[in-house]
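Protein chains in written order, with numbering that gives the first Met the number 0: chain U, 0 to 272; chain B, 0 to 222.
These are calculated hints, taken from the structure and not from any lab test. Ideal Cβ positions, reconstructed from N, Cα and C, are used throughout, including at glycine. Please note that the accuracy of each hint is not assured.
[To be verified] Label-pair restraints from in silico Cβ distances:
hint : chain 1 : residue 1 : chain 2 : residue 2 : range
1    : U       : T182      : B       : D194      : 56 to 64 Å
2    : B       : D104      : U       : E40       : 39 to 47 Å
3    : B       : D194      : U       : R162      : 44 to 52 Å
4    : U       : G250      : B       : D194      : 27 to 35 Å
5    : U       : T238      : B       : G66       : 24 to 32 Å
6    : U       : L93       : B       : R87       : 28 to 36 Å
7    : B       : R87       : U       : S110      : 26 to 34 Å
8    : U       : D63       : B       : R123      : 17 to 25 Å
9    : B       : P156      : U       : G250      : 16 to 24 Å
10   : B       : M220      : U       : G154      : 40 to 48 Å
11   : B       : G130      : U       : D241      : 36 to 44 Å
[As the list claims (entries may be wrong)] Okay, the calculated bits of chain B under chain U, using three or more residues with CB under 8 Å as the criterion:
hint : segment
12   : 30–39
13   : 74–84
14   : 92–100
15   : 203–214
[What the hints assert, rightly or not] Straight-line distance between alpha carbons at most 35 Å, and here's what the computed DSBU-like set of lysine-lysine pairs gives:
hint : chain 1 : residue 1 : chain 2 : residue 2
16   : B       : K221      : U       : K15
17   : B       : K221      : B       : K24
18   : U       : K183      : B       : K134
19   : B       : K134      : B       : K221
20   : U       : K131      : U       : K183
21   : U       : K15       : U       : K131
22   : U       : K15       : U       : K183
23   : B       : K24       : U       : K131
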Amino acid sequence: MIAKRIIPCLDVRAGKVTKGVQFLDNADVGDPVAMARYYYEQGADELVFYDITASNEQRGIMIDVVRAVAREIFIPFSVGGGLRTLEDMRAVLLAGAEKVSIDSGAVRDPSLIAAGARAFGSQCVVLSMQVKRTGRIGLPSGHEVIVDGGRTPTGRDALQWAREGERLGAGELCINSIDADGTKAGYDLGITRMIADEVGIPVIASGGAGEPRHLLDAFTTGGADAAIVASIVHYGECTIPDLKRYLRASGVEIREAIHLDSRDKQELERSAT
Amino acid sequence: MLTRVAQILLAARPCYAMIAIVDYKAGNLTSVARALEHLGHPCEVTDRPERVRAADRAILPGVGAAGATMENLRALGLDQVLRDDVVRAGKPFLGICIGIQVLLDRSEEDDASCLGIVAGRVVRFPAALDGRPLKVPQIGWNRVRQTRPHRVFRGVPDNTHFYFVNSYYPIPEDPALVIATSDHGVPFCAAIARDNVIATQFHLEKSGAAGLRLLDNFCRMKI
């Protein structure tokens with residue numbers, strides 16, 4: 000059985016993580032490569048980087064970050080934020096990301112999903128969607144797709160967009176609830192479940208994790224295959240091993256990251272000389 | 000700091016022989032190269048038959064479709080080289096993901112005729128199981144049961160999770176070649192070994208410390 004994944008999320012602006020991790024050495028705070036390595040060693044199952052850079056010349060910096068991260072961590076990671084063309088996607092994948100996460104760019108041009116899946120395979124394409132509860136008529140899921148970092152409503156129904164994304168070839172869906180984001184009151188289980196029940200591809204819950212219980216809810220009630228975590232782990236309230244211990248004890252299939260024990264390391268160093 | 004010392008030690012070790020990472024013009028091959036660099040094993044990503052022939056061991060990695068992979072291997076003349084100058088010549092060979100699937104005779108994917116190095120076929124996961132839809136491809140970490148002891152698993156506990164991305168899986172004719180299995184709705188073959196040939200359905204280069212350990216074991220394996 001596939002294990003449920005815990006995916007720390009790092010927002011990067013101009014080559015620096017915007018929310019520092021408080022328990023790293025001071026010198027490393029804000030360094031995306033150091034943070035990636037830290038979470039990798041902690042047993043994160045995957046990582047996601049959002050490039051929240053505005054200008055084009057800063058995009059080059061993000062590519063350098065991706066390249067440096069890829070040299071140090073050996074688990075999958077995805078990169079999102081501002082990807083609008085096939086060439087944007089290609090640059091990130093060639094630099095060493097396993098997947099791209101497309102969001103507003105895919106809403107504006109849905110053919111981007113199909114083109115990405117054709118060029119790189121569906122497993123490379125994560126369709127990330129910002130969703131918000133709405134009373135608007137004609138949106139059967141009661142949730143609307145929002146773009147531009149939660150600012151611009153699109154009039155699209157979240158569930159219909161999820162189905163459309165799957166049909167176009169997305170390999171995974173990331174459901175980011177604008178209502179839950181930053182509240183630390185838990186993921187939006189309703190819309191996550193509604194989408195997970197409707198599609199045949201993995202669904203990632205995002206936004207709202209404030210305590211371990213919220214991840215358990217996302218995996219059980221929410222039907223999610225993976226959960227994105229941010230401040231809950233960035234600020235040291237919980238570590239990845241804490242979350243994993245709790246989920247495992249609650250009966251969730253969770254990956255145990257193995258470490259080479261000291262005997263193995265010595266053995267490797269001996270045979271190296 | 001400690002990792003840096005270890006890296007220097009690893010890099011300073013007497014260089015053995017070159018490992019060819021076979022480039023068949025699809026998929027992301029650099030991740031395997033980066034993993035080998037991290038482990039201190041010299042390697043070269045190449046699509047040239049003479050370079051693969053000259054190498055002491057070869058890795059066929061990647062994500063891709065069976066049909067396109069076979070077409071590209073044939074167009075580059077690499078199918079022959081892998082069969083004769085690597086596998087038949089007794090050099091250690093490692094196939095990863097699509098690299099395990101094309102070892103068999105045929106794949107249901109694109110109805111492709113494959114390398115035929117291992118007798119058997121490749122089939123697709125069922126779309127549904129007991130009336131419930133099965134997520135295909137499987138994407139994520141799955142437990143790998145070591146069904147037969149093999150030195151490539153040295154240092155890796157049984158039932159360790161590895162990272163999978165696949166819609167198809169291999170069924171070798173000779174069940175004794177299966178060294179590990181996993182489960183996605185149905186039990187399936189996750190790794191095979193026969194003499195100098197090792198192949199895994201999971202991505203060693205994306206499976207954390209466990210994957211690196213297997214890669215390292217393969218690179219040090221003497222036949």
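Hint check:
no., hint, in the structure
1, U:T182 - B:D194: 56 to 64 Å, "holds, 58 Å"
2, B:D104 - U:E40: 39 to 47 Å, "holds, 42 Å"
3, B:D194 - U:R162: 44 to 52 Å, "holds, 48 Å"
4, U:G250 - B:D194: 27 to 35 Å, "violated, 42 Å"
5, U:T238 - B:G66: 24 to 32 Å, "violated, 45 Å"
6, U:L93 - B:R87: 28 to 36 Å, "holds, 34 Å"
7, B:R87 - U:S110: 26 to 34 Å, "violated, 46 Å"
8, U:D63 - B:R123: 17 to 25 Å, "violated, 39 Å"
9, B:P156 - U:G250: 16 to 24 Å, "holds, 21 Å"
10, B:M220 - U:G154: 40 to 48 Å, "violated, 59 Å"
11, B:G130 - U:D241: 36 to 44 Å, "holds, 37 Å"
12, 30–39, "holds (count 6)"
13, 74–84, "violated (count 0)"
14, 92–100, "violated (count 0)"
15, 203–214, "holds (count 9)"
16, B:K221 - U:K15, "violated, 44 Å"
17, B:K221 - B:K24, "holds, 29 Å"
18, U:K183 - B:K134, "holds, 30 Å"
19, B:K134 - B:K221, "violated, 39 Å"
20, U:K131 - U:K183, "holds, 16 Å"
21, U:K15 - U:K131, "holds, 29 Å"
22, U:K15 - U:K183, "holds, 24 Å"
23, B:K24 - U:K131, "violated, 42 Å"
Hints 4, 5, 7, 8, 10, 13, 14, 16, 19, 23 from the earlier list are contradicted by this structure; the remaining hints agree with it.
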